[in-house]
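Chains as they are written, first to last, in the numbering used here: chain B, 1230 to 1509; chain A, 7 to 291.
Please note that a few of the clues may not be correct.
To be verified - Only pairs whose alpha carbons sit at most 20 Å apart, straight line, appear in this in silico SDA-like list of lysine to any residue:
#, chain 1, residue 1, chain 2, residue 2
1, A, K289, B, G1287
2, A, K243, A, G147
3, A, K289, B, E1311
4, A, K289, B, S1245
5, A, K25, B, G1360
6, B, K1363, A, K25
7, B, K1363, A, K243
8, B, K1363, A, G104
9, A, K289, B, H1247
10, A, K25, B, S1299
11, A, K25, B, T1320
12, A, K289, B, L1300
13, A, K289, B, S1286
14, A, K25, B, H1247
15, A, K289, B, R1242
16, A, K25, B, R1357
17, B, K1363, A, G147
18, A, K25, B, V1358
19, A, K289, B, M1312
20, A, K289, B, S1299
Everything labelled a hint here was simulated from the structure, so no lab data went into it. Note that this is a predicted model, so its numbers are computed, not measured.
Listed below are the residues making up each chain.
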Amino acid sequence: MPDALAVRGLAKRYGSVHALKGVDLQVGEGELVGLLGPNGAGKSTLVKIAVGLVRPSGGEARIAGAPAGSLAARRALGYLAEMFRFPGWYTADEVLELHQRLAGSRGGAAERKRLLELVALADATDRRVDGMSKGMQQRLGVAQALVGEPRLLLLDEPTSALDPVGRRTVRMLLEELRGRGVSVLLNSHLLSEIELVCDRVAILLGGELVAAGSPHDLSRPRGVELETDEGVRRVEGATREDAPRLVAEAVAAGRKVYGVRVLTSTLEEVYLEAVGGETS
Amino acid sequence: MTSVWVIVGYGFREAVRRKMFAVVVVLTVFFLALFWLANHYVFRDLGSIQPPADVNVDTRTFAGAFLTGLSMFATLFLGVVLAVFLTLGAVSGDAERGLLQPLVARPIGRSTLLIARFIGAGAVCTVYVLVVYFAALLITGLTGHWWPDRILWPGVELAGGVLVVTALSLLGSVLLSATANGIAVFMLFGAGLVAGLLGSIGHALNSHTIKHASTIASWALPFEALYQDGLRMITEKASGLTGFLLQLGPFGGAYVHGWGIRVWAVGYVVAVGAVALAAFARKNL
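Taking the hints into account, I'd like the entire structure generated from these sequences.
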């Protein structure tokens, strides 16, 4: 079975600006991949090319084996844009019904009810969009992207307007989707969120892929911390494999050991190292 | 085809909810009320008009044709306003506001989306133009007991003219921002009207250069030619001095008319539509 998303040598130029410079990226079946990078790194451009909103200058993007932008590709994906709006006079239920009809979904009222429950909008079925908070609209956007049970979900900053509870709702939803085998490409600035839910992370900088791998693989050892009766001591450069030896040495030296902690870099540190502190 | 009707319904609902229809209906009722008043007073005072004995003018035909021409101009203008406001932001405007991307991401095809917007706006404008045109004819007919020589075709050509503007406005919505598009379409509309009036002046003065310029403008902007042809048909049987005076305008005859311009207008809409589809297919959203 082809990858849910396969991007090879993808390039995009806007005049003299190179938004993407030959990016390779795959999102496998049921995989949840986080896309990171500073503003202007090319994250949204990559997602838009995958959806078919933007034409690439070079390379190719395929959705479930079909060229990005083709009807077959769009049948396989659900998309939440970074900047989106639904007509204010539609109710939540009507928005989903419109997208069901456009997506050719036969889920009917049962699907709409289930999706609104998934994003914690079950009580807002008949509420008009212009009466919703930004956070509610964003959750409705996530529900809209799920119409028709897409194989690949492309989410561009899906939690940017959400409060902590809303973010948790979306995070739990993503975990549930992964359980169901839906592939997700999640473009977000919230590193903690990506670290918590994503199987793999790809970091873009200046239109190039500068790091990719699982959050665990990307993290670096930062030493071992020992808590003894003399206080907390940090052994720089030590790894997980050094921990038993360090404990044994401390005990042999007559110290009482209360705890030991292997330190690794957080995704934030990995990210900052990869982008060199660049913000835009 | 299902997707086309879904988008047609989406556009129709948008027009209703943005209160465009409400505004247009109120303005139209206001116009028709004023038009009835004008008809009432003109035809009431018709008997008191005493042209010189040696001037053979049919005052009822002159007044009826003049008032009907006036109503056709107003109908064209209101129809164009409706067409422009229904379409001016259909692509760039909706994309800027983030309304378009969720729709384009669906498996419906950009061409389907644009064609559906044209069908929706075109259907609304056609029905509107025909209703106002026939309402105005009824007012003049029942008030002044005067009916135009041709009844159906002038209305059809008027609606055709508005469809041409609808297609131009949709093309503009792909290439320009909503505000720039609105300005551009209204300037084209104004240019067409000026060219039509210029044609009447050219024929009155028998100026070959002005007539030539007006003819080129009629083919370049066929909505104007269709409107002028509609005006020509309402008094196509008027002859003598009455016919001559009506030809002088401003609601007089057309100098580019017949099946040639009708076929050209259809081809023009198709060509404008093809350019719009090609531009939309390549547009980054």
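Okay, the hints, checked on the actual structure:
1. For the proposed pair K289 of chain A and G1287 of chain B, the alpha carbon gap of about 16 Å is at most 20 Å, so the pair holds.
2. At roughly 17 Å between alpha-carbon atoms, K243 of chain A and G147 of chain A fall within 20 Å of each other, so this suggested pair holds.
3. Proposed proximity of K289 of chain A and E1311 of chain B is supported: the alpha carbons are some 18 Å apart, at most 20 Å.
4. Proximity of K289 of chain A to S1245 of chain B is assessed by CA-CA distance (about 18 Å); at most 20 Å being required, the pair is judged to hold.
5. Pair hint K25 of chain A plus G1360 of chain B holds up; C-alpha atoms about 18 Å apart against a cutoff of 20 Å.
6. For the suggested pair K1363 of chain B and K25 of chain A, the alpha carbons sit about 24 Å apart, so the restraint of at most 20 Å is broken.
7. The hinted pair formed by K1363 of chain B and K243 of chain A fails the criterion: a straight-line CA distance of about 64 Å is larger than 20 Å.
8. Restraint check for K1363 of chain B and G104 of chain A: the C-alpha separation of about 14 Å stays at or below 20 Å, so the hint holds.
9. Between K289 of chain A and H1247 of chain B the CA atoms are separated by roughly 18 Å; this keeps the pair inside 20 Å, and the hint holds.
10. For the hint pairing K25 of chain A with S1299 of chain B, the CA-to-CA distance comes to about 36 Å; that exceeds 20 Å, so the pair is violated.
11. A threshold of 20 Å between alpha carbons decides the hint, and for K25 of chain A with T1320 of chain B the separation of about 18 Å falls inside it, so the pair holds.
12. A C-alpha spacing of about 17 Å is found between K289 of chain A and L1300 of chain B, which places the hinted pair at or below 20 Å, so the restraint holds.
13. Using a Cα cut-off of 20 Å, the hinted pair K289 of chain A and S1286 of chain B holds, with the two alpha carbons roughly 13 Å apart.
14. Of the pairs offered as hints, the one joining K25 of chain A and H1247 of chain B is violated, with about 43 Å between alpha carbons and a cut-off of 20 Å exceeded.
15. As the CA atoms of K289 of chain A and R1242 of chain B are separated by approximately 14 Å, the hinted pair is consistent with the 20 Å bound.
16. Restraint check for K25 of chain A and R1357 of chain B: the C-alpha separation of about 17 Å stays at or below 20 Å, so the hint holds.
17. Between the alpha carbons of K1363 of chain B and G147 of chain A the distance comes to roughly 56 Å, so the proposed pair goes past 20 Å and is violated.
18. Between K25 of chain A and V1358 of chain B, the direct Cα distance comes to roughly 17 Å. Compliance with the 20 Å bound is thereby established for this hinted pair.
19. Taken as a hint, the K289 of chain A and M1312 of chain B pair is honoured in the structure, with Cα atoms around 17 Å apart against an allowance of 20 Å.
20. Simply put, K289 of chain A and S1299 of chain B have alpha-carbon atoms about 15 Å apart, close enough for the 20 Å limit, and the pair holds.
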